[in-house]
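Just so you know, we're using this note's numbering here: the sequence shown kicks off at 224 and counts up by one.
Heads up, a few of these hints could be off.
As the list claims (entries may be wrong) - No farther apart than 20 Å at their CA atoms in a straight line, the calculated lysine-lysine pairs in the PhoX-like style are these:
1) 595 x 554
2) 588 x 310
3) 375 x 479
4) 490 x 479
I should point out that these hints are in silico values taken from the structure, not numbers from a laboratory.
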Amino acid sequence: FSHVSRGRPTKTGKMPYPPPPPPGGPGRALKAPRASSTSGSGSPSSARASSSAVSPSRSKSSKCAVFDESRLPSVLRDGMTPAEERKMRRSTCRFIEECARALHLPPRIPAATAEVFLHRFYAKYSFSQHDQSDVAMACVLLAAKTEECPKKLATIIQECHRVKNRVESKQRSCSTGSAGSMGGASPGNGSAGGLSPGPQAGGGLSPSPGPSSGERDGLLDVKGEEYLRLKERVLLLERVILHTIGFELSIDHPYKFLVEQIDNLNKGSRLEYISPPTSPSASSLAKRMNQELLQTAMMFANDSMHASLCLQFPAKTVGATCVYLACRNRKIRPAGGAVWTEVLGVDAHDLACASMQIVEVIAEKKNCDVDKISSAMKAELDSMIECSSGGSMHGKKEGTSATGKGMAGSKRTRYQ
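Build out the structure end to end from the sequences listed, making use of the hints.
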């Protein structure tokens with residue numbers, strides 16, 4: 224799946240260690256891989272080939288491999304639905320972002336890198352095999368090293384544990400208050416502190432036991448059993464993540480691509496306001512448009528990291544999708560009656576699929592219906608798909624409409 228995320232072929236060669244075998248269950252301890260074996264089966268390409276969520280077959284409308292959510296380990300092994308699996312990913316991504324803020328990491332890039340590591344890891348393993356909070360700590364540790372802003376392991380464990388306890392405390396208080404005000408009725412699935420509760424089968428972050436005598440103000444006792452267990456677990460998970468991603472640490476994010484695309488579109492005067500605001504000059508209007516698009520597209524890019532888009536599309540496609548959503552939000556359209564697919568240089572099906580997944584993330588955060596906030600956009604995307612070369616013929620061949628209804632399984636070759 225790593226070649227899908229960056230749009231270039233996978234590297235070949237042997238890893239210094241073979242990939243660690245999957246554990247028998249959540250209760251068993253992991254064994255570290257041995258360094259003595261250097262067989263050919265330990266190559267990154269062979270390790271990634273065993274991941275069945277990404278099929279090597281390609282669709283005519285996309286240059287990316289087909290991503291099938293129904294074949295993810297959590298869906299196949301644990302019986303989760305694809306929607307529940309997506310919620311687990313989003314809640315863990317929100318936890319990573321909270322931890323990155325608590326650690327005072329540089330904005331955007333370290334947290335985004337940790338989220339990419341997380342998505343790749345859970346394309347190989349299920350959520351029942353590894354606790355998502357432990358995996359998130361290991362991803363933050365590895366991403367901080369990768370992005371040249373390393374933090375001490377003790378600092379990461381302490382801050383992440385504090386964030387986890389704070390979020391769980393807020394969730395318990397909200398649950399108790401809701402149950403009391405509703406006469407014992409169960410609370411809704413609202414988010415608390417940046418983390419929404421996951422599905423019933425091991426959803427969200429598992430509640431931790433109450434603070435021991437060695438824990439004060441949410442900090443762990445560095446000599447306590449809980450701290451030593453977390454330290455050993457995070458260090459081991461860091462190695463497991465490295466083997467899972469094939470030691471490929473160079474991550475392309477959509478941020479740089481959307482900045483370049485917005486600058487090029489403004490310099491070429493390829494965008495215009497639907498209702499131009501009063502402005503003293505054309506230069507100030509272009510500057511205002513550039514600032515608005517950059518700010519809004521960055522926000523959409525942050526939301527895109529909560530979805531598994533890095534497993535489905537190159538970062539450049541995700542960046543173009545964020546530009547499209549930012550233009551719609553700011554009521555900007557292509558100049559001269561041009562089509563979005565021509566202006567952005569992206570396939571219509573890819574644009575539709577990525578757009579709806581980002582909108583789905585935003586709808587969950589705002590606790591609103593997806594259809595209410597995306598009905599007009601769906602009509603525009605349908606029109607682009609029909610106008611694209613061979614778009615309607617391909618839709619008939621797949622046996623689905625342009626809006627993706629009646630789609631077989633959970634393959635994200637179309638948007639839902």
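Consistency of the hints with the structure:
1. Restraint check for residue 595 and residue 554: the C-alpha separation of about 18 Å stays at or below 20 Å, so the hint holds.
2. About 11 Å separates the Cα atoms of residue 588 and residue 310, which keeps this hinted pair within 20 Å; it holds.
3. Using a Cα cut-off of 20 Å, the hinted pair residue 375 and residue 479 is violated, with the two alpha carbons roughly 28 Å apart.
4. About 17 Å separates the Cα atoms of residue 490 and residue 479, which keeps this hinted pair within 20 Å; it holds.
In terms of the numbered hints stated before, the structure departs from hint 3 and from no other.
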